[in-house]
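Colleague: Sequence:
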Amino acid sequence: MISQRRASLLLALLLATPALAQDERPPVSIPQPKRQRSTPAPDSPLTIVQVSYKYAIKERDYLSMAAQELVKYTRTSTHLEVPLHSQVLTLDDPRIADALMLYMTGFDCVMRIDDQEKKGLSHYLRSGGLLFAEDILPLESNLRGEAGVAGTPFDQQFKTLLKDPQVLGSRGGHWRKLPKNDPLYSAYFDFSDGPPLSGTNRGNVFALEAIELKGRLAVIFSDLNISWFWANRDAEGRDRSLQFGTNLLICALAQKYAGQPLPFRR
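For the sequence shown, my numbering assigns the number 1 to the initial residue and increments by one for each residue that follows.
Each hint should be verified, as a subset may be incorrect.
Have a look at the derived ranges for each label pair, beta carbon to beta carbon [to be verified]: (1) ASP114 x GLU236: 19 to 25 Å; (2) GLN156 x TYR257: 16 to 22 Å; (3) LYS180 x HIS79: 24 to 30 Å; (4) ALA258 x SER141: 39 to 45 Å; (5) HIS123 x HIS85: 18 to 24 Å; (6) ASN204 x ALA235: 32 to 38 Å; (7) HIS85 x GLN116: 21 to 27 Å; (8) LYS72 x ARG171: 21 to 27 Å; (9) ARG216 x ARG112: 27 to 33 Å.
Below, in silico cross-link-like pairs of lysine-lysine (BS3-like), each with a Cα-Cα straight-line distance of 30 Å or less [stated by the list, open to error]: (10) LYS163 x LYS119; (11) LYS72 x LYS54; (12) LYS72 x LYS163.
Because the hints were derived from the structure by calculation, they are not lab data. We put the CB at the ideal spot given by N, CA and C, even for glycine.
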């Protein structure tokens, strides 16, 4: 009975109170919830970092246009909503922590990677990053018969770097060959026969190698001179190498988005 009387009284008061005009009503502020994103917003740029290191010679140990050309190709051949960019950085630059993928190459340079660079690389890889490293040929060369061979100077130095205690330690020696049915080969373009071999003529290497950390790809290594074609606009068979590079970026995106839908335009 008491509750019924209170309800009746409240209703009577509401009916007796004149409604406020629209301009007399106090403003209502509803705070928006803060959302933590584990992945970049669709309009946030993602960067492919081309690794610079001491004594590396331009167009011999690294190809200055390779990453830029790959980004350009991926922009036009896919429907990604996320802007892609390329940048040249050293491994001790803290900005590499935000890179979608690191791209590192060499030919015959004597690598000198200092302690800070080693720590930067270790942090990037252990935090979920993907590194694509490749033994390449100089841009102005026609030496494809020398590509696709294991045990080259860069091959040996790079693998020694990963085994350094300040990088991956013993995990840096756990290489496995990527089988032809690995998801990398169908991430966007289909490579049912494995990686493109147009960068080699008579080599003895036909597969990529990889290191996994916590069940994900952390490092992909190539002796196949694939990215030489990214930088060389006139190279015959260039598209397949660029398509493979696009698969690398899609693979990196898939790992970065950790099971969420990838940002493609529908």
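Colleague: Work down the list of hints and note, for each, if the structure agrees.
Modeller: Evaluated hints:
Range check, ASP114 to GLU236: about 40 Å between beta-carbon atoms, so the 19 to 25 Å window is missed. The hint said 16 to 22 Å for the Cβ distance between GLN156 and TYR257, and at roughly 35 Å that hint is violated. Between LYS180 and HIS79 the beta carbon distance is about 26 Å. The supplied range of 24 to 30 Å therefore holds. Remark: the range hint 39 to 45 Å for ALA258 to SER141 is upheld by a beta-carbon distance near 40 Å.
Taken as a hint, the range 18 to 24 Å holds for the pair HIS123 and HIS85, whose Cβ atoms sit roughly 21 Å apart. Here the CB-CB span from ASN204 to ALA235 is close to 22 Å, at odds with the stated 32 to 38 Å. Between HIS85 and GLN116 the C-beta distance comes to about 24 Å, which sits within the given range of 21 to 27 Å. The beta-carbon spacing between LYS72 and ARG171, approximately 34 Å, falls outside the hinted interval of 21 to 27 Å.
In this structure the hint that ARG216 and ARG112 lie 27 to 33 Å apart at CB holds, the actual value being about 29 Å. For the proposed pair LYS163 and LYS119, the alpha carbon gap of about 13 Å is at most 30 Å, so the pair holds. A C-alpha spacing of about 27 Å is found between LYS72 and LYS54, which places the hinted pair at or below 30 Å, so the restraint holds. A C-alpha spacing of about 34 Å is found between LYS72 and LYS163, which places the hinted pair above 30 Å, so the restraint is violated.
Checked against the numbered hints above, the structure breaks hints 1, 2, 6, 8, 12 and satisfies the rest.
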